[in-house]
Amino acid sequence: MKLRRLFYLVVALCCMLFVTCASTKQSGSSGKDRGSSDSSATAGGSSKDSSKSGSSSSSKSGSSSSSKSGSSSSSDSDSSSSSDSDSSSKSGKGSQSDSSSGKKYSSDNQINSLIDSIENSRRNAENAGGDSALSDLYNAANDAFERLKQRAAAGENTPELKRALENLNSLFKGLEVYAEAKAKKERIDEKGYAYNNQNAYDEGASLLEELEEMNKNAAAFIAELEKGTSDNGNEFLKKANKADLDFSNVFKTTATNERSAAFKAKKQADSVKASVSRKNDYDNGVASFRNGDSKYVTGDIEGSIEDYVSARGIFSKLYKEVSAARKKAQTLIDDAKNRVKHSESVALKADKTDPLTEKIQGIEDENAILLESDDFSAAKATYVEIDEKIEVGGGASL
Numbered sequence: 092m093k094l095r096r097l098f099y100l101v102v103a104l105c106c107m108l109f110v111t112c113a114s115t116k117q118s119g120s121s122g123k124d125r126g127s128s129d130s131s132a133t134a135g136g137s138s139k140d141s142s143k144s145g146s147s148s149s150s151k152s153g154s155s156s157s158s159k160s161g162s163s164s165s166s167d168s169d170s171s172s173s174s175d176s177d178s179s180s181k182s183g184k185g186s187q188s189d190s191s192s193g194k195k196y197s198s199d200n201q202i203n204s205l206i207d208s209i210e211n212s213r214r215n216a217e218n219a220g221g222d223s224a225l226s227d228l229y230n231a232a233n234d235a236f237e238r239l240k241q242r243a244a245a246g247e248n249t250p251e252l253k254r255a256l257e258n259l260n261s262l263f264k265g266l267e268v269y270a271e272a273k274a275k276k277e278r279i280d281e282k283g284y285a286y287n288n289q290n291a292y293d294e295g296a297s298l299l300e301e302l303e304e305m306n307k308n309a310a311a312f313i314a315e316l317e318k319g320t321s322d323n324g325n326e327f328l329k330k331a332n333k334a335d336l337d338f339s340n341v342f343k344t345t346a347t348n349e350r351s352a353a354f355k356a357k358k359q360a361d362s363v364k365a366s367v368s369r370k371n372d373y374d375n376g377v378a379s380f381r382n383g384d385s386k387y388v389t390g391d392i393e394g395s396i397e398d399y400v401s402a403r404g405i406f407s408k409l410y411k412e413v414s415a416a417r418k419k420a421q422t423l424i425d426d427a428k429n430r431v432k433h434s435e436s437v438a439l440k441a442d443k444t445d446p447l448t449e450k451i452q453g454i455e456d457e458n459a460i461l462l463e464s465d466d467f468s469a470a471k472a473t474y475v476e477i478d479e480k481i482e483v484g485g486g487a488s489l
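Per our numbering, residue 92 is the first one in the sequence shown, and the count goes up by one each step.
Where hints are given, some of them may not hold.
Simulated crosslink set (PhoX-like; lysine-lysine; CA at most 25 Å straight-line) [as the list claims (entries may be wrong)]:
1. Lys386 - Lys343
2. Lys408 - Lys386
3. Lys195 - Lys318
4. Lys364 - Lys411
5. Lys318 - Lys358
6. Lys419 - Lys408
7. Lys370 - Lys411
8. Lys343 - Lys275
Just so you know, these hints were derived from the structure itself, not from any lab.
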C-alpha cells in the first residue's frame, strides 16, 4: 500500500516536471521569435516577417557565400584566365595588334603612323601588280615588315627603327610605281610611240633595268634597309618615279605631235572646201579633234592620242578624196572652157561672114543673167575654226 502511494507520487512529480519544462521551452522559443522579429523590424524597418529576414540572411550567408566561393571563384578564374591570356599576349606581342583594329604597336605615335602607312602602301602595291612584277623584293619586304613590327612591339623607339620604317614605306610605294611604269612602257612598245621622244624612253627603260637588278639582290637590299642607316628604299622610289615620268613624257610628246599633224590635216581639208562637199565626215573629224583636246586638258594624255590620230585620219582622207574629185571636176571644166572658146571662135567668123539680124530662139542676149548671184555664205557657215594651240593650265599651251 505504501509502495503504491509512493509510486503514484513519483509519477505525479514526473508529470509536473514534464509540464513545467514544456511550458518553459514554449515561452523561451516564443520570446526568442518575438525578440528576433522585433530586432529585425527595428534594424531593417522594411522587413515585415521574421521568415523574410531569415531567408534573406540565409541567402546572404549561404547562397551569397557559396556564390562567392563557387560562381565567384569560377568568374575569378575566368577573369584571371582572360587576364592571363591578355597578359600572355602582351608579354608575347607587347602592344602589337592589327592597326585596323585601333590598337597600336608602340607608344610612339610616329612609329604607329608609319606602320599604318606601310599597310596602305603595301595594299596599293598589290593592287598595281607590284607583288608579282618584282616578287623577290616584295616578299623580302613583307618579311622585313613583320620583324620591324616586332621590334616596335618590344618597345624599341630609336631613330634607326623609324628610318627603316620610312624606307620600307618608300619601297612599297616604289613597287607600285614600278608596276605602273612598266605597264606604260609595254603600251608604248605595242603602239610604237618611242620615236616621238626617244631620249625619255631610253632613260625610263634604263631605270627599270636598275630596279630589276635590285630585285635580283633582294636579300642584301632588305638587310641594308633594316639596319636603318641607309636610304635605299627612298632611292628605289625616286628611280621608279623618274622612270614613270619618262614614259609619261613619251605619251605627252606623242600627243603633241599627233595634234599638230591633225591640225595640219584639217587645214588641208579646209583648203579644198571639204566642209562643204563632205559635211558629215568633216564634222566627225572636228569632233574627234575636240575630244582629244578635252582629254588632254583633263589629264588623259594617253587617251587623247587616239582621238588626234582619228581626226588626222579623217581630215587626211577628206583632203585626198575631195582633192581628187575637184581635180576631176576641174578637168571637165577646162574641157568645157576649151569647147566654149572654140565655139566663140566659130561664132566670130560667122558674124563676119553671115551676121544675125533677128533674134533666134535658144540664143540668149549677151547681157542676160543666167545664174542668180551667190555670196557663198552657206559654204562659209560649214567651216569650223579650231585653235592651233590649247591652254593646258599654268600658262602652258599645247
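To see whether the hints hold, each was checked on the structure:
1. Between Lys386 and Lys343, the direct Cα distance comes to roughly 12 Å. Compliance with the 25 Å bound is thereby established for this hinted pair.
2. Restraint check for Lys408 and Lys386: the C-alpha separation of about 24 Å stays at or below 25 Å, so the hint holds.
3. Our distance criterion of 25 Å between C-alpha atoms is met by Lys195 and Lys318, whose separation comes to about 23 Å.
4. Taking the CA atoms of Lys364 and Lys411, the gap is about 12 Å. The hint holds against a cut of 25 Å.
5. Between the alpha carbons of Lys318 and Lys358 the distance comes to roughly 63 Å, so the proposed pair goes past 25 Å and is violated.
6. Between Lys419 and Lys408 the CA atoms are separated by roughly 17 Å; this keeps the pair inside 25 Å, and the hint holds.
7. With a CA separation close to 15 Å, the supplied pair Lys370 and Lys411 stays within the 25 Å bound.
8. A hinted pair counts as satisfied when its Cα atoms are at most 25 Å apart, and Lys343 with Lys275 qualifies at roughly 12 Å.
The earlier numbered hint that this structure contradicts is number 5, and it is the only one.
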